[in-house]
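Using my numbering, the first residue of the sequence shown is number 1, and each one after it goes up by one.
Bear in mind the hints are in silico, worked out from the structure with no lab data behind them. Hints may be right or wrong, so weigh each one.
As the list claims (entries may be wrong) - Computed spacing ranges between beta-carbons, pair by pair:
1) Gly234 to Thr45: 46 to 56 Å
2) His185 to Leu284: 27 to 37 Å
3) Ser240 to Ile315: 25 to 35 Å
4) Gly142 to Pro212: 16 to 26 Å
5) Leu37 to Gly201: 22 to 32 Å
6) Gly31 to Val146: 20 to 30 Å
7) Thr190 to Gly31: 39 to 49 Å
8) Leu21 to Asn88: 37 to 47 Å
9) Val146 to Gly219: 19 to 29 Å
10) His185 to Ser149: 15 to 25 Å
11) Phe30 to Trp204: 16 to 26 Å
12) Gly219 to Gly246: 29 to 39 Å
13) Leu215 to Ser340: 28 to 38 Å
14) Ala168 to Asn193: 20 to 30 Å
To be verified - Result set (SDA-like, lysine to any residue): computed pairs, CA atoms no more than 20 Å apart in a straight line:
15) Lys247 to Ile209
16) Lys247 to Gly234
17) Lys247 to Gln59
18) Lys247 to Leu310
19) Lys247 to Pro317
20) Lys247 to Leu108
21) Lys247 to Cys331
22) Lys247 to Ser225
23) Lys247 to Ile163
24) Lys247 to Asp235
25) Lys247 to Ser232
26) Lys247 to Thr318
27) Lys247 to Leu179
28) Lys247 to Asp229
29) Lys247 to Ile283
30) Lys247 to Glu236
31) Lys247 to Arg226
32) Lys247 to Leu220
33) Lys247 to Ile147
34) Lys247 to Thr161
35) Lys247 to Val314
36) Lys247 to Leu160
37) Lys247 to Ala143
38) Lys247 to Thr237
39) Lys247 to Met280
40) Lys247 to Phe233
Quick caveat: nothing in here was measured; it's all calculated off a predicted structure. Cβ atoms here follow ideal geometry from the backbone N, Cα and C, with glycine treated the same way.
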Amino acid sequence: MRPTQPRFAVWRILPFLGGLLLALLVGIHFGAVQLSLSEIWQGLTGADAGAQIETILWQIRLPRVVLAACVGAGLAIAGAAFQGVFRNPLADPFVIGASSGAALGATLALLCLAGSVTVITSTGQVPWLILAAFGGAMLIVGAVFVIASLSNLGRSAPLLTLILAGMALSSFTGALVSLIMFLNHEMLNTIFNWLLGSFSGRHWNEIMIAGPVILVSGGLLWMLSRPLDLLSFGDETAMSLGLPSGKVRLLILAAATLCTAACVSVSGVIGFLGLMAPHMTRILLGPRHGLLIPGSALLGATLLVIADTLARTVIAPTEIPVGVVTALMGCPFFLFLLISRGRQTM
């Protein structure tokens, strides 16, 4: 029976892939101008669909839904990794300060550059916002590890210390962002809208920058599926099986943080997705990370594409920040998990 397991696992992933393709199709279809299936097909295959249809498809809809799928997949992969490392299904990608650091970096960029200055790279014009958010996330996470290491006199920092350091720095950076918003009323709406999360106005350049980072870091985490499985049993068990748990945990956390930072830098702060997708996938596919990570990526991409489609169509032409939609979806789910875990421990 064991040789047939991988083949069966592939078949178990296919419904997730089908759901993502359906969500992408729905996301491309709905908008200010609805595109029929024939128009979408003609635009994708290069047939004569008309200049207006091609512009809507290739310059507005496709970049948006593709970026939403990439960010959803990245946040879900990072969430699965964090939950595995911390051995807690309530953990998410923002547990050690990545999102708050990205928010601070982006806020400073919006304040100093007014959101209009760009830098030329090999992929074209890329907003400084992306680079600032990414740098802020990595800076805060690095500070978390330094503080946690200093508190343990150079020894391997326990998980609780990392979490507490992340919470402390998240609160500190959140206070700095609030202070900046309070002192700069003219930039209040711009900063506030970014903090709520949105894919409005995104183009292929953001995908070309964030996409490879998400792909590489997500691929690395998938390659570390076996160590993640061992870490889920505890450090003593992992070390008894020959796994250098401290070094492997650091590598996993670094890759998950890199993935999270790339996502947040192009979308803003989108909460709860990294919590929901891995937990739902774990229920459907089981706890083994070799299957959990790709399943979470597909489900996370599907959920965020659906959330973004709802955000721009529910009260059109007004657009709801996608972070608000994911919060409305995720908060009841989080409370359900808390109640369920509380009953299990009674």
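Quick rundown of the hints versus the structure:
1. Taking 46 to 56 Å as the suggested C-beta distance range, the pair Gly234 and Thr45 conforms, at roughly 53 Å.
2. Restraint check, His185 to Leu284: a C-beta distance of roughly 47 Å breaks the suggested window 27 to 37 Å.
3. Between Ser240 and Ile315, the C-beta spacing of about 56 Å breaks the proposed range 25 to 35 Å.
4. For the pair Gly142 and Pro212, the supplied restraint of 16 to 26 Å holds, since their beta-carbon distance comes to about 22 Å.
5. Checked against the hint of 22 to 32 Å, the pair Leu37 and Gly201 passes, with Cβ atoms roughly 26 Å apart.
6. In this structure, Gly31 and Val146 break the distance hint of 20 to 30 Å, their C-beta atoms being roughly 46 Å apart.
7. Judged by the Cβ atoms, the range 39 to 49 Å given for Thr190 and Gly31 is violated: they are separated by roughly 24 Å.
8. About 32 Å separates the C-beta atoms of Leu21 and Asn88, a value inconsistent with the hinted range of 37 to 47 Å.
9. Remark: the range hint 19 to 29 Å for Val146 to Gly219 is upheld by a beta-carbon distance near 27 Å.
10. Separation of His185 from Ser149 is about 40 Å and departs from the stated range, judged on CB atoms against 15 to 25 Å.
11. Against the hinted window of 16 to 26 Å, the Cβ-Cβ separation of Phe30 and Trp204 comes to about 21 Å, which satisfies the hint.
12. At roughly 23 Å, the beta-carbon separation of Gly219 and Gly246 lies outside the given 29 to 39 Å, and the hint is violated.
13. In this structure the supplied range 28 to 38 Å holds for Leu215 paired with Ser340, their Cβ-Cβ distance being about 34 Å.
14. For Ala168 and Asn193, the hinted distance range of 20 to 30 Å is satisfied, since their beta carbons lie about 27 Å from each other.
15. Note on Lys247 and Ile209: the hinted pairing is violated, with a Cα-Cα distance of about 28 Å set against a maximum of 20 Å.
16. For the given pair, Lys247 sits about 14 Å from Gly234 by alpha-carbon distance, which is consistent with the 20 Å threshold.
17. Between Lys247 and Gln59 the alpha-carbon distance is near 43 Å, which puts this suggested pair outside the 20 Å criterion.
18. Only pairs whose Cα atoms come within 20 Å are accepted, and Lys247 paired with Leu310 is rejected, the gap being roughly 42 Å.
19. For the suggested pair Lys247 and Pro317, the alpha carbons sit about 50 Å apart, so the restraint of at most 20 Å is broken.
20. Distance check on the hinted pair: Lys247 and Leu108 sit about 33 Å apart at the alpha-carbon level, beyond 20 Å; violated.
21. The straight-line distance between the Cα atoms of Lys247 and Cys331 is roughly 34 Å, outside the 20 Å bound, and the hint therefore fails.
22. Note on Lys247 and Ser225: the hinted pairing holds, with a Cα-Cα distance of about 15 Å set against a maximum of 20 Å.
23. Restraint check: the Cα-Cα separation between Lys247 and Ile163 comes to about 18 Å, which is no more than 20 Å; the hinted pair holds.
24. Distance check on the hinted pair: Lys247 and Asp235 sit about 12 Å apart at the alpha-carbon level, within 20 Å; holds.
25. Pair hint Lys247 plus Ser232 holds up; C-alpha atoms about 15 Å apart against a cutoff of 20 Å.
26. Restraint check: the Cα-Cα separation between Lys247 and Thr318 comes to about 48 Å, which exceeds 20 Å; the hinted pair is violated.
27. For the suggested pair Lys247 and Leu179, the alpha carbons sit about 37 Å apart, so the restraint of at most 20 Å is broken.
28. Of the pairs offered as hints, the one joining Lys247 and Asp229 holds, with about 15 Å between alpha carbons and a cut-off of 20 Å not exceeded.
29. With a CA separation close to 29 Å, the supplied pair Lys247 and Ile283 exceeds the 20 Å bound.
30. For a cut-off of 20 Å, the pair hint linking Lys247 to Glu236 stands: about 14 Å separates their Cα positions.
31. Under the criterion of a C-alpha separation no larger than 20 Å, the hint pairing Lys247 with Arg226 is consistent with the structure, at around 14 Å.
32. As the CA atoms of Lys247 and Leu220 are separated by approximately 15 Å, the hinted pair is consistent with the 20 Å bound.
33. Distance restraint check for Lys247 and Ile147: the Cα-Cα separation of roughly 17 Å lies within the 20 Å cut-off, and the hinted pair is therefore satisfied.
34. Note on Lys247 and Thr161: the hinted pairing holds, with a Cα-Cα distance of about 16 Å set against a maximum of 20 Å.
35. For the given pair, Lys247 sits about 47 Å from Val314 by alpha-carbon distance, which is inconsistent with the 20 Å threshold.
36. Taken as a hint, the Lys247 and Leu160 pair is honoured in the structure, with Cα atoms around 17 Å apart against an allowance of 20 Å.
37. For the proposed pair Lys247 and Ala143, the alpha carbon gap of about 18 Å is at most 20 Å, so the pair holds.
38. For a cut-off of 20 Å, the pair hint linking Lys247 to Thr237 stands: about 15 Å separates their Cα positions.
39. For the hint linking Lys247 to Met280, the alpha-carbon distance of about 29 Å lies beyond 20 Å, and the restraint is violated.
40. Annotation: proposed proximity of Lys247 to Phe233 holds, straight-line Cα distance about 16 Å (limit 20 Å).
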